[in-house]
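Visitor: Let the hints inform the model, and build the full structure from the sequences given.
Chains as they are written, first to last, in the working numbering: chain A, 6 to 273; chain B, 37 to 407; chain C, 40 to 320.
No lab work stands behind these hints: they were computed from the structure.
On a predicted model such as this, the values are computed, not experimentally measured, just so you know.
C-beta: ideal position from N, C-alpha, C; glycine also.
Hints may be right or wrong, so weigh each one.
What the hints assert, rightly or not - Derived CB-CB ranges, DEER-like:
| no. | chain 1 | residue 1 | chain 2 | residue 2 | range |
| --- | --- | --- | --- | --- | --- |
| 1 | B | G380 | C | S135 | 54 to 62 Å |
| 2 | A | A129 | C | W231 | 57 to 65 Å |
| 3 | C | L219 | B | G358 | 33 to 41 Å |
| 4 | C | E224 | A | R40 | 51 to 59 Å |
| 5 | B | S207 | C | S135 | 33 to 41 Å |
| 6 | C | G270 | A | G136 | 23 to 31 Å |
| 7 | C | A94 | A | N234 | 35 to 43 Å |
| 8 | C | W138 | A | C23 | 15 to 23 Å |
| 9 | A | C23 | C | E224 | 28 to 36 Å |
| 10 | A | G136 | C | N214 | 41 to 49 Å |
| 11 | C | N214 | A | R259 | 22 to 30 Å |
| 12 | C | E224 | B | E328 | 48 to 56 Å |
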Amino acid sequence: MDDGLRILCLAMIIAVVCFLLIPIAVTVVMAFDARAYLGPLPPPGFSLRWFRQFFADDYFLRGLGTSLQLAAAAITISLSVGVATAFAIDRARFPGKEAAVALFLSPLIVPPVVTGFALLLFLAEMGLVNGFARLLAGHIIITVPYTIRATLAGLAGIDRSLTEAALVLGATERQAFWDVTFPLARTGIVSGAIFALAVSLDDVAVSIMLTDAHTYTLPVALISSMRANFDLSIAAASVLLMLVTLALILALERFVGLNRVIGQGVFR
Amino acid sequence: MVGPQPATPDAVIEFRDVSKRFGPTTAVDGVSFAIGAGETVSLLGPSGCGKTTTLRLIAGFETPDEGIIEIAGETMAGKRPYERNVGLLFQHYALFPHMTVAENVAYGLKHRHWPRTEIAGRVDEMLRLVQLRGFGGRRPGQLSGGEQQRVALARVLATRPQLVLLDEPLSALDAKLREELRLELKQILATVRSTTIVVTHDQDEAMSLADRIIVMNRGRIEQQGTPDDVYSQPRTPFVAAFVGRANWIHGRISGEVTGGYARLVTDRGSRLAIRKPPAIAAEQWSVCIRPERMAVAGPGAAAGRAGDNLLPGRVVDIVNMGAALHQVIDCAEGRMMVVEPNRGAAQARKGECVSLLFRAEDCVVLPRVAG
Amino acid sequence: MKADGSFPLLLPAIAIYLGLFFLPLSWLLLESFRLYTPGGIGAAAGAPLTLANYAELLTPAFARFFLETMQISLLASLTGVLLAFPLAYWITRKLSARWRAIAVGFFVTLMFLSVLVRTYALELTFGAAGPLRPFLLALGISPNSRDYIAILVGAGLLHYIVPMATLTLLGTIQNVDPRLVDAAEALGAPAWKAHLTITLPLSMRGVLAAFLFAFTFSISAFIIPMILGKGRVLFISNLIYNRFSEIADYPSGAAISIVLFAVALAIVYAMSRFVAKQWTP
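Guide: This is the structure:
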């Protein structure tokens, strides 16, 4: 019975890992397919045609440009606001602190389409019609909870007695903050920035509600393309996106350490 | 509440009727004491007794609700920790993990505005004092527990504080290391001639480091005195039970006086000779006898002089601890612990009938406390 | 009271949350009570308040979508957690520290992977136009049938749920003392029974948390059912989008949004209360 169960579990594990990996592998392989159409596996030859097609497409390139600009702007604002908020909450002592934190993290619970829809209607009512501004608003509200949460988690890991040690050695509160608290919170802040970046670059549901004919993000462009004609330039785009993800993970590992990320429970 | 008391001249630190409350709990309740230059005093007590709060009041992390705290004659009211010249060694050292050892030790010097040119020299001097010369470039994460403790000590002493506070300095170390560092700590503190307060729950730590012990319980001071005072002449049952082991016998004092000794009639009916009790009106009394002041003799022993007490009993357990014999004896008054030096002589055996011997002079007589 | 000087730091966040979150959501709530006249875009200005949008949701036509979303989400979440548990156990107990780190990196990467890449990859591999088509047909499965598409949507959800649940359960299983299982086996229980009666109950908190995370994620899913569902399988989020983009019936979209939000909120509330309090091992 034991051995049977062990074999069953092992088989299950292998099946799951295959399920997770095979579609990714297929996409990568097909992205280099030399054929001009979507045919059965395996591809007869390999080429970079689809990548070239992707980069030649103005539609995608515009989306890419917007995505990058949005990410840069959103991260800057999210980080500043998020870090300031986290520090303020961490330092303060008042009843209902947990409720306040839950409130700040609440956008994570709301279905993204709902967030986007609500923003769309409200901003229209307020008279804000500029596409980029609307998208920026959406990207800010979906990234700030991540920066707040990651920074708070980083701050929580700092031993309170360190600040007290600084004070008793002669540092004022402000000096203690910059000498001790801020440097030690850095990993939390960096972690939040990387998560925010990933969320902004990947977002579709919120962006799709806030986009307009002239301003759209790369994921939105890819979605439209996917529904219109299902060709392999999207496979090429996918491979590029995978590389971006890998880069982000490596940055996370290098600057923060993945085990710390897991331990903090930053995942939903 | 006692009225304001005159300031003790030349005290490095003085507490006058200091109280601190946290919500409904009174952590520190009307505490008064004074410590002179060069003294090492220990605040000893169980967790929750108020010793840590007292420490934090001295350092400036808490402000008293009542009372006056003065350091070198200056009142500390309204003074933040960085405005006081006090050093604090944290229980878990609180070394800055992102700074090197040298930067840690230099931190206080920087913020107390020591001249730049002198800082490096002073850091070096301190590291030599704690025998960590050459460790300046390392980080706290690379050090062992004992080494971290020494860096923390160097950091505390670097700025020549008027008062050094040690929070359970040896509790985070394992037993062997504790022994070694205890002596070193004492020597280092003597070398710099510091005035020190050691906060601890460990009686051994207090007895071995301090010139004077302040025993605290539930926010109040139970007794102040030298280690021997506190051990041999405990003034309350709490102190008697907390500092060292104690055997207890309870009863009432009968009017008889024989040969200069008073008579205690125990709850079980035995009659014991004790010294004259303190002049307090009390119905019930408790007598405390230290294990090493009792002796075990054969069953036929007889009381010799006046003032000798004899209780028949039966051996429950004998543990040979090497240097001493720990014996547990059951008698009419309950279970007694007797500690005798191991002289290699024949020992009593489990189950044997024996006699417990102790002198009236070795009985500490205290009013009985309920419970 | 708050520490001095902290409050000004909170002002930007308060402004942003108010303006970009709470007020818009309140506005959405208001919109859901407005009357929609067909042919217009959104509710006409000054339209009367009504419960019609919500009443519509009680009809079988809508209930069908709601149920299907719940059904597929439930199955995907259950399957995901069921698969993640042995996976997490194996990583925690059977792998060396180095391989464990690699496994963690692997799953974190999968979680970070763009949802687009995921859905495209699945559609490409298992979809009707993909390279596996001949194999599927040979097995007698029609890649265009509704059931297949529903399963594919579930698979899309699983592709996120499994890494997420595995990572959550890693921490949970790490906290279960392996010696307890050893003790059970020493007392005569076979391995499977030991795990069933010891490892599983002690991990229950994490298992429930992972399940609720997965479920909240699934019912809120948008892209996955949009791409893999091919318009035949619709989740609630897709319904909202359709109301918005195809019919311009904003009030109805708003009403559906509020309902979805309320359900998600209820699940999260249940999670924080029930899981935290009931399941103390």
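Visitor: Please test the hint of 51 to 59 Å on the beta carbon pair from C:E224 and A:R40.
Guide: 57 Å, holds
Visitor: If you check the beta carbons of C:N214 and A:R259, does the distance land in 22 to 30 Å?
Guide: Between C:N214 and A:R259, where Cβ atoms are some 28 Å apart, the hint holds.
Visitor: Quick one: are C:L219 and B:G358 within 33 to 41 Å, going by C-beta?
Guide: 38 Å, holds
Visitor: Given a hinted range of 54 to 62 Å, is it respected by the beta-carbon distance of B:G380 and C:S135?
Guide: Hint holds: Cβ distance 55 Å, inside 54 to 62 Å.
Visitor: For the range 35 to 43 Å, tell me whether the beta carbons of C:A94 and A:N234 fit it or not.
Guide: About 40 Å separates the Cβ atoms of C:A94 and A:N234, which means 35 to 43 Å holds.
Visitor: Within 23 to 31 Å or not, the Cβ separation of C:G270 and A:G136?
Guide: 26 Å, holds
Visitor: That 41 to 49 Å hint for A:G136 and C:N214 (C-beta), does it hold up?
Guide: Cβ of A:G136 to Cβ of C:N214: about 48 Å, so the range 41 to 49 Å holds.
Visitor: With respect to the beta-carbon atoms only, verify the hint that B:S207 and C:S135 lie 33 to 41 Å apart.
Guide: At 36 Å between Cβs, range holds.
Visitor: Is the hinted range of 15 to 23 Å satisfied by the C-beta distance from C:W138 to A:C23?
Guide: 18 Å, holds
Visitor: Check the following: the C-beta atoms of A:A129 and C:W231 are separated by a distance inside 57 to 65 Å.
Guide: 59 Å, holds
Visitor: Please check whether C:E224 and B:E328 have a Cβ separation lying inside 48 to 56 Å.
Guide: For B:E328 against C:E224, whose Cβ atoms are near 50 Å apart, the range 48 to 56 Å holds.
Visitor: Lying within 28 to 36 Å: is that true of the beta-carbon distance A:C23 to C:E224?
Guide: The hinted range 28 to 36 Å holds for A:C23 and C:E224, with Cβ atoms some 31 Å apart.
The structure shown violates none of the earlier numbered hints.
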